[in-house]
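One-letter residues, chain by chain:
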Amino acid sequence: MIELKNISYQYQNGEQVLDDFNLTLEPGDKIGLVGPNGSGKTTLFKIIMGLLAPDEGEVIIFDQPREKEEDFIEVRERVGFMFQDSDDLLFCPTVEEDLAFGPLNLGKSKEEAKEIVQETLKLIGMEGFEKKVSYRLSGGQKRMIAFGAILAMQTEVLLLDEPFSGLDEDAIERMVGILNDTDRSYIIVSHNGELIERVTNKLYYMNE
Amino acid sequence: MHISEGVLSAPVLLTGAAATATGTAVALRQLDNEDIPQVAIVSAALFVGNLIHIPLGPTSVHLILNAMAGILLGWKAFPAFLVAFLLQSILFQFGGLTALGVNVAMVSIPAVVCHYLFKIVTKRDEEGIKRLGVAGFICGAVGIALAAIFLMLALSFTDGSLEEMGRAILVANIPLAIIEALLTSLCLVFLQKVKPEVFTEFQDGAQSLQRRGRL
Amino acid sequence: MININQGFAQGSSWVHQLDPRIKIITIFLLATVLAVGESIVMLLQALVFSSFLILSAKLDLKEVGKRLMVVNFFILGIWLFVPLTYPGEALFQVGPLSFSIPGVIYATKITLRSNAIMLGIIALLSTSTVSSLMQAMRYLYIPEKIVYLFFFVYRYVHVIWKEFNRLHDSMLMRGFKSETSLHSYRSYAYLIGMLIIRSYDRSRRVYEAMLCRGFRGEFHNLDELSFSSRDLKIFSGILFFISWIIIVEKGVFLV
Ligand SMILES: Nc1ncnc2c1ncn2[C@@H]1O[C@H](COP(=O)(O)OP(=O)(O)O)[C@@H](O)[C@H]1O
Ligand SMILES: [Mg+2]
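Protein chains in written order, with our numbering: chain A, 1 to 208; chain B, 1 to 215; chain C, 1 to 255.
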C-alpha cells in the first residue's frame, strides 16, 4: 500500500535527516517504527502525507507514484495521520466538531458525520464528550480525541506518531484494544518497547 | 491605545469604520482560506502581546505591536487587529463595538505604513542585520507615533474641547513609542537569527508551504 | 492577571438563552443609537435598560463593576480635561481654572453613553459562548473568512496564552526580574519573538493537520440555529424599546 524507495531528505538548514531509506507497508502490516529522538520518524510521516517532498527517492502509495500536491489529495483521504502534538490536530471549539471535521471534508452529510462522531466516541470510550470544549480537556483526553479524529475518517491506513505518550493505563489499554481489533494497516512510532511489541507485527529501526 | 465607547462623534466613528472596512476588504482579497490559520495565529499572538505589561519606571505600559504585525502581515494586519479587538471587546470590553472601526484603523493604518517602510529600508542590502535592527527601530517608533496621532485627530475632530486631551495622550505615548521601537528592533533581529523564513513565509501565506513542500 | 475564559457565558437566565443572532442585532442597534444619541433622558433610559439586562442575566455584580472600572479609566481622562477646555458659562472656579457647565454636561453624556453601551455588551455578548456567536455571525452575512479567522483566533489565544505563561514562568525561574532596563526589554523582545516563532510553527502544523484530514479550503458546519417563539417575543420587546428611545432622542414628546 505504501512503498518508499531510496528516500533522502535534508532540511533547509542543511540537516540530513533521511538517507536512502526504504520501507514497504502491505495490507495487514502493523509496523512499529523505532529510533532515537531526532532520527527522522516524524519527517518520514510528513513525506508519506506529502507535507514534505523528498530530495531523492520514490513515494508510491496505493500503487501510484506520488509527486505533485494533487497526487496527495487522495493519499490524505485514504491515510489518517495522527500528529505527535494533539494541539495541532484539535482546533474546533467542541469535540464533536473536531471529530466531524474530517468526515465532512470527505463529503459525508451532517447526519452521517454526527453518527460517525457517536460511534467514534463510543469506540474510544469517551461517550458524553461531544459538547465538551476541546482545549479544556486534559492532555491525555486530548490525545484520545485526536486518535478518534483520525479513526473517524475511516481510512485504510493509519500513521500514528507517538500516540501513547501522556495516556493513563486505562486509555493505553483501550488504544491497544482498538489497534488489535482493527484490520487497517498502520505504522506506529513509540518509545515504549513493550507496547510496540503488543500492537505490531513488523519492526523498522531508524538510526541517526 | 483604545478609545472608549461613547466618546467619538458619528462622523469620526463612520470614517474609522469605513477605513477599517476598506483595509479589511483589501486584505480579504489577498487572503485564501488556507492562510486563515496563519493570520489567526499572529492575531492571537497580538492579542496575548497586548496583554503583556512592560515595566516603565514606576508604572507599566501595554504593548501594541502594530509595527510587528504590519511587517509580518502587511494588509492582513487589518483583519488580524479587527478580530483581536472584537474578541477583546467580547471577553473584557476593551475597545467596544461602535469604536471598533476607529480603534482598528488607528493601529492598522500605521501597521501597513510600517510594512512598506520596512521593505524600503531593508531592501538595499539583504544580509545586513544591523540594517534590520535600524528598520525595526524606525518602524516600531513610527507605528506608535502614527497611531497616537490618529488618536489625537479622532479626538480633536469629535470636539474642540477634546483637543487638549488628545495632545496629552500623544505626549504620554512617547515613552511607549521608544519601548516599542526598541522591542521591535530586538525582536526582528531575534527572528532573523532564529528563523529567518518567517519574514518571507508570512507574506506568501500557505502557498509557500506547497511551493516548498512539493513542486 | 486577565481572565481569558468566558466567566459570564455560564448561566441559565433568559438572557443567556436568547438566540445569539438576536443578541448581536440588539447590541448593534442599541450601541448605534446610543453612540449618536444626545438626549440625557434617552441615555439614562438606555442605561436603565442595560442594567436591567445585567440583573436579568444574574451576573456577578462585583465582577461587572471591576470591568466597568477599567473602561471608565478613559472616561476619567475626559472628566479631567473636558470641563476645563469646553467653552461656556462657568459652573465654578478654582483659582485660574474654570469648570464650564456645558463641559460638565458633555462629559456626563459621554459617561452615560459609554457605560450604557458597555453594560449592554457585557449583558448580551459576554453571556454568549464564542462558538455560539460565531455561528450567529454566519447567519448574519459576516464574511466567511472573518468568521473563521475569529474562530481560529479564539482557539489559539488559549494555546498562545499558555505558551506565553510557560516561557514567562521559565524566565522567572531563572531569576528574571521585570524592570526598566535594557536587559529586561531585550528579554521581553526575545520572549515575543519566541512566541511568534512557536505560534508560527504551530499554525503551520495546524494547517498541515487540516490538510491531512481532507481539508481543501472549504469549511462545513454541523449545527443550525432556530428561533423559539419566546425569542421572537423578547425580540419584539427589544425592538419596541429601541424605537422608544429613538422617539425620546428625537424629542417628539418633549415640549
Ligand atoms: N522544520 C525543521 N527544520 C529544520 N530541522 C528540522 C525541522 N524539523 C525537524 N528537524 C530536524 O530533523 C531531525 C528529525 O526530526 P524528526 O523527524 O522530528 O525526528 P523524530 O520524530 O524521529 O524525533 C531532527 O534532528 C530535527 O532537529
Ligand atoms: Mg517525532
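Take these hints with a grain of salt, some might be off.
Claimed, not checked - Here are the simulated DSBU-like cross-link-like pairs (lysine-lysine), alpha carbons at most 35 Å apart as the crow flies:
id	chain 1	residue 1	chain 2	residue 2
1	A	Lys68	B	Lys123
2	C	Lys177	C	Lys58
3	C	Lys145	A	Lys108
4	A	Lys114	A	Lys68
5	C	Lys66	C	Lys145
6	A	Lys132	C	Lys177
7	A	Lys114	C	Lys66
8	C	Lys233	C	Lys58
9	B	Lys130	C	Lys58
10	A	Lys122	C	Lys162
11	B	Lys193	C	Lys58
12	C	Lys177	A	Lys131
13	A	Lys131	A	Lys202
In short, the hints are calculated from the structure, not lab data.
Checklist entry - Against the structure shown, which of the earlier numbered hints fail to hold, in ascending order? => result 2, 6, 7, 9, 11, 12 and 13
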